[in-house]
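Trainee: Letter by letter, the chains look like this.
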Amino acid sequence: MDVSMVKWIPWISLLSAAICGVLCFRRAWGVWAAPVTITAIAASFVVAMLAAPSGLLRDDDGRIADALGKSPHDIGQTVKAIDWINLNERDALMDDGSPPATLEEARGLADQHQSARIIESGEAGYSVRVPGLSANFSYYIDPLTLLMLFVVCGIGSLVAIYGAGYMKGDKGYARFFAAVSIFIFAMTSMVMGDNLVLLFLGWEMVGLASYLLIGYYFKKPSAAAAARKAFIVNRIGDLGFALGIFLTYMRYDTVVISEVLAMATSPEHVADWRDYWIPFLLMLGALGKSAQIPLYVWLPDAMEGPTPVSALIHAATMVTSGVYMIARLHPLFENSPYALPTVATIGGVTAFFAATIATSQFDLKKIYAYSTVSQLGYMFLGVGMGVRYAIFGGLFHLLTHAFFKALLFLTSGNVMHGTHGQLDIRKLSGLRHLMPFTCWLMLAGCLSLAAFPLTAGFFSKDAILVGVFEQGLAETDPNRWYVVLGVLGLVTAFLTPFYAFRAWFRVFMGPEKYEMGTEAHGDEEEHAHPSGADSHLIDEDHHAHDDKPHEASWLMLAPLFVLALGALFVGIIGYKPVKELVEGSTAVISTGKESLISADLNLTLIIQIASGIIATLGILTAAYFHWLNRQAGQNLADRLAGPIRVLENKYWVDEIYDLAIVKPLRLLGWIFQLVDTLLVGGLVKLFGWLPRLLGQLARPSQSGVLHGYGLSMLAGVALLVLLILLAAR
Amino acid sequence: MNAPTLMALLIILPALSAVLIWTCAHRSGLAWAWSMISTTLIFALSLVLFVWSWRTGADGERLINSAGDFFHTQGVAWVDNLGLRFSMGMDSITMWLVMLTTFLMPLVVLGSRSAVESRHREFFGWLMLLQAAMIGTFIARDLIFFYVCFEFTLIPLFFLIGVFGSTDRLKAARVFFLYTFTGSMLTFAGLLYVAWYSAGITGSWTFDIATLTESAQTMSTSQQGMVLLALLAGFAVKVPLFPVHTWLPLAHTEAPTAGSVILAGVLLKLGTYGLIRFALPMVPEAAVDFAPYIGVFAVIGILYTALICWVQKDIKKLIAYSSVSHLGFCVLGIFAIAGNQHLGQSGAVLYMVNHGLATGALFLCVGMIYERFHTREMRQYGGIAAVMPVWSFFFVFFCLASVGLPGLNGFVGEFLTTMGTFLSRETLGIGYAVAAAFGMILGAIYILYMVGKIIFGPLKLPESNGHGPDDQHGHHAKPRDLNSREITTLVPLAAACLFLGLYPTPMLRSLDRSVEQLVEPARQVLVERSRNDEHADTALVQIDARKLEEGTDR
Amino acid sequence: MSTPLSGMLLSHFLMTGAILFGLGLIGFVTRRNLIIMFLCTELMFQGVVISLVSLSLHHGNFEGQTFVIFVLTIAAAEAALALGLVVLLYRGRKTLDGTAWALLRG
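Residue numbers (our numbering), protein chains in the order written: chain A, 3 to 731; chain B, 1218 to 1771; chain C, 157 to 262.
Each hint should be verified, as a subset may be incorrect.
Derived list of chain A stretches under chain B, where covered just means 3 residues or more per stretch with a C-beta under 8 Å from a C-beta of chain B [claimed, not checked]:
1. 223-233
2. 243-255
3. 274-283
4. 623-635
5. 682-688
Chain B residues, not near chain A, derived (Cβ > 10 Å throughout) [unchecked claim]:
6. L1226
7. G1292
8. Y1396
9. R1726
I should point out that these hints are in silico values taken from the structure, not numbers from a laboratory.
Cβ atoms here follow ideal geometry from the backbone N, Cα and C, with glycine treated the same way.
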C-alpha cells in the first residue's frame, strides 16, 4: 500500500464519529455504533501498518536507517490531505523592519529563511518572499509516528471491542462511541501532524474527547466536575503550548515540524534566547496532557469516566502525548541547556510522588490512576535524559505501559462490572474463584507493571534506568544529579510492585468476602427517580437477581487476552523492532550514538539484576502485609497513621490549589463584578447626570407664561441694540 | 442586471420589505412569512454576489483575492455641492461581513417565529430596516452615507429592545441609545474634521472614503491623534472596549433573542469594522503610537470581563460579557501592527465572522430554553442533557466554538490574533499575547462552569414555568426538545462553524490583500521610523568618529 | 429697479419698521388677550418685513423681497393655524387670558 494512503487514517474515524452522531437519534440504532467504531479503528490500524512502513528510510539490508545526523526530510515522508490554515507568502524584512536595500542584504535575509526567493522589484530594490504560515492537514510519517499509530489504533481497537461489551445496555451507547471516534481522529491527527498547529489541534481535541467521556455519566456532579477540571487544567498546559508555537514561528518562520527540526539541528544554527524558552513553553503543554507535577491533579479525578475510557485515554494513549511531543521535538529541547534536565527532574519526582500516593489509596481505579502518573514520570525521565538508550526506554515504556495499564484498567472494569461498581479494595476480597479469568489476567498486568523479570515492563523500565545511570556515571562530565534521580527511580521501582500487588492480593486473594456496589451496568435511566436528584443511584431490588460478583462476558475477555500477551511478551518480542524504530526517528537525529560510560562496566546487567530483586521484594512485601498477614498490615498502618493520612489526602494538593488559585480568582471575579456595576457603571451614570444638572440650573427660565418669553426676547433685543450702539461708537 | 445593481438591491430590498410589512401585513403570520421570504431572497442575492466574486478576474486572479473593491457603483449624486454621493463598494472584508449579516438574518427570523406574541408588524419591520442599515454600513463608500447607516442601526434596535425586551427593557434601550449615540457624535466630529482637512488640501469637498483616507495620512501626528481619539469614542463604545462596555450586558440581557443575536452577531462588528476601515489607514501614525495603550485596554477587557463572566448567574449576561472578552482579542489583533506580517488583522476579521456565528448561535440557544422556562437564572437549571439532548448537543457545540477549540471556527481567529500580537514586537509584543492567552484559559473556565451547571448534573428544571398541569403536583412535565424549526435554525450555523474551522484557508487568502492594503500605511510608518533610527545611529557614530579624530589631532 | 433707495429715505423706512416692531413687542408683553397678543406678533412681522423690503431696494437686489413673499405666505398660514388654536384654547378654559396656560413650564 502506498504511503499516501495514511492521509485517510484520521478521516476514517471522523466519518465514524459522524455516523455514530446520527445513530444517537434513535436508541434502537445505537447498537450499530460499536461495530462502526470498531471497524473504523481497525481499518485505521490496518492502513497504518500497511501503508506507513513503506514510507520509511531503510538501510541497504532493509532495516530502518539510523537517524543520527540525517535530515528530518529524509527519514520521514510528508503526506498532505487538505489545506487548513495556509496563508499567502509574504515579504521578509530585515531585523529593523525595513526591506533589504542591496542584493547582499537580500541574500543574507534569504539565507535566514526556509525556501525564500529573491525578487527584484524596480525602485524599491529587492524583496525576499517567504512562505506565510502554513499549517495544513498534512501528515509526517517517520518511525516514531508508526510506533504511535500502532499504540493508538492497536490498543484503540482492543478497547473499543471491550467497550462494546462493557457499555451494553447503556442509554448513551452511540454517544460513547461517537466520542471515542472523535478521540481516535484527534489522537491520530496529533501523532501524524506535520506541523505544530495540527499537533495542537489534536492536542486540544483529545482534551475535548476526554472532557466528553469523563463527563459521560453527566448526571453525577462528581463526573461533571472532573470533566471540567480535566479540560481546564489541560488548557493551562495548552496555553504554554500555544505560546511555544508562537515563539517557534517567531524563531523559525514556520510551524512545520520537519523544517523546524532541520533548522534547529543544522550545524550553523546558533541558539538565541528564543531557543532557550521554546522548550519550556512546550513542556508546559506536555506537563498538562501527561499529568506531571504540577498539573497532574486532573488525572485521578478523570476516573469518573467509563472504564474503557480510563484504559484507552487516561492510561494508554492520550496521557502519553506529552512524552510523544517531547520525543518528536527532541532537538528543540536539546537546544536549551536546562530544558531536558527539567523534564527529567519533573519526571523522576512525579514518578516517586505519585507512587507514594498510590500506596495508600483504596479505590482500585484511583490506584491505577496514580500509577499511571508515576509511570508517565518514568517516561519523562527517559525522554528527558538526552541519551539514546533512555529515549528508547521512555518510548518503549510508552508501548509496554499501554499494554499493561490498559489491561489493568480493563480488568478492574471487569471487577466493577461484576460487582456493580464496587471498587473499594477494603470491601472486596478473595474473588479469584468468582472471577478466575479476570484474576489471572490482572496478575499478568500487575507483574508487568511491577517490572517482574522478563515481563514487558521489566525491559522498558530498565532501559530508562540504565539511561539515567549512564548519564550520571558518565566518564566525561558526569552529572551526579542524575544518580539521585536514578536512585529515586529505583525506590519507585520498589513502591510500584507494592501498590500493584497490594490491590491484587486484597481483591483476589484471602477469604472470599464482598459488598456489592450500588451502580447498574449503565441502564439506570429507566429506573431513575423522575426528579433526577439521585438518578445515578438505583433501587436495590433491581439487582436482586444477581447479587454475586460474576465473570465478564467473552466479548470483554477476548481483547484482554491479547493485552495480557502483550503485557507479558512485548518486552522480548518488541525490544529490537522498537529500538530500530526509535533510533530511526526524529527523536535521536541529534543525539549521539556512543555510550557515555566505559565498556567494562556492564550497567545493563547490574540494573537488571538489581531491579529484578527490588521488584520481587516489593511483591513479597505486599504479599506479606495484604495476603498472608493482613493483621500485620493493619498494625503497621495504625502505627504510621500520620503519614498515611497525608498520603490518603494526596498531600492536600487539590485543596491547596483551590485555596491558592481558584478561590482568589473567583473572589477577583466578584470584585470585578462589583466594580463593573458600581464604579464603571457609576462613572457613566455621573457622565449622564452632567447635562441633567445643567438643565436643572436653566429650568427656572422656562416659566411657561407667554409674557415671560416676550420679556426675555425684549431683553435680548435691547442687549443687541446696546451692543451695536457700543460697537458703533 | 449587473453586480453593482445587485449590491444596491441588498439595501433597497430590506428597506422596501420593511415598508411593505408595515403597510400591508395585517395578519400576524403574514409579517413573519414576508420577512422570511425577503431575508431568504436577500441571502440568495448576496450568495450570487459571493459566488460571482470567486470568478477569475482579468489579471488571472480570483476577484475576491484581489486588493480593493471588486464591486463598486459610481454612486448616485446626493448633495452635489458637498460631493455627497450614494456610492457603494465591496472588498473581501465587506463581502464576508455582508455574508455574515445576510446569513444570520433568515435564521434570526426563523428563530423568532414564536418569540413575540403581539405587534408582529413592528417587530419584523424593524428587523428588516435594521438589516438594510447594517448592510449599508458595510458597503458604503461615502463617509456620510456610512455614518447615516451606522447611526441608523440604533433606531430599529432601540425599538426592538425598548418594545419587545424583557422587564428592564426601557432602561436598557435608553442606556444603549445614549451610550452609543454620544460616542458616535464624537466620531462624526472626527470624520467631519478629516473631510474639512481634505477639502483644505485638495480644494474641493468630497466624502469619498478612499480619497479621504489618502489625504488624511498627511495630517500631522497631533492631528492624527485627535482624530483617532474621536474615532475611538464611537467605535470603542460599539465594540465595546473596556471601560465603555457597560451598556452591552444590559442591552443584551433585556433584548429579545433576535435583538441579542443581531447585536452580538453583527452590530458589535460595526465597531471593529470601523477601526480597521478608518482608524488604521486614515491615521496610521496615531494608530502606531496609540496601539500599546489601546492594547492595554483590550487586554484588561479580556481578563476583567472573563473573570466577571465566571461569577454571572444570568446565562444571557454571561454570554454578553463573554462578547466583551472576545472582542478584546479582535481589537488586539487590529492594533497588532507589525512590519512584516498582518496575521493579527486577518485574524481579527476572521474573528468578527466567527464570533458572529458562534455567539449568535449561543443567544439563539438561550432564547430557545427561555421560551420554554421563562428564566435565564443559571441556578434554576441542571442536567438538561437528560431531557433535551439535542439542545444540549448544539449548546455544547457552540460553547466549544466560542471557547476556541481547534477544528471549530473560533480557534482560527483566536490563534491568529494572538499570534499576530505575539509577533508584533514593534507595537504590542509578547507580553500582550501572554496576557491575552490567559484569557483563553479563563474563557474555558467560565464557559465550562456554565455548561456544567446547565447541562450536567442531576436534572433540575425551573419551578412554575407554567407549562402543563403537571406542575401543580410537584412533577415537571417533560419539556419538549427542539422542534424541527429550531433544529433548522441551528444546523446551518453549526455547519458554518465546522466548515470555517476545518477549511478557513480560502477565507484567509481572500482577506489577505484587502487587509494588507488597510495595514500598509501603518506599516510604512514603522519602516520610516526604523530608517530614521538607523540614520540617527549612523550620525552618532560619525560624531564619535569625528571626536576621536579631533582627539588624535590634538 | 432703476434708482436704489437713498440713505436718507432708507433710514425713514427702517425707522418705521423699528417702530412697528417695538409697538408689537410692547403690546405682546403688556396685553393678556391671546388674540391681541397674536396681532402684536403680526405687527412685529410687518416691522421686519418693511426693513427687508427697504434694504432690498437699497442694495438693489431681490433677495429681501423674495424673503418677504415667503414670510407673507407663511404668516397667512400661521394666522389660520393660530386662530384655530386660540379657538381651541378658548373652548378648554372659557377664557382668552394668556397667563392661564403655562404648560411648558420646566
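Trainee: Each hint needs a verdict: does it hold in this structure or not?
Mentor: Evaluation of the provided hints:
no. : hint    : verdict
1   : 223-233 : holds (count 7)
2   : 243-255 : holds (count 7)
3   : 274-283 : violated (count 0)
4   : 623-635 : violated (count 0)
5   : 682-688 : holds (count 4)
6   : L1226   : holds, 32 Å
7   : G1292   : holds, 32 Å
8   : Y1396   : violated, 7 Å
9   : R1726   : violated, 6 Å
Figure legend: structure checked against the earlier numbered hints; hints not met, in rising order: 3, 4, 8 and 9.
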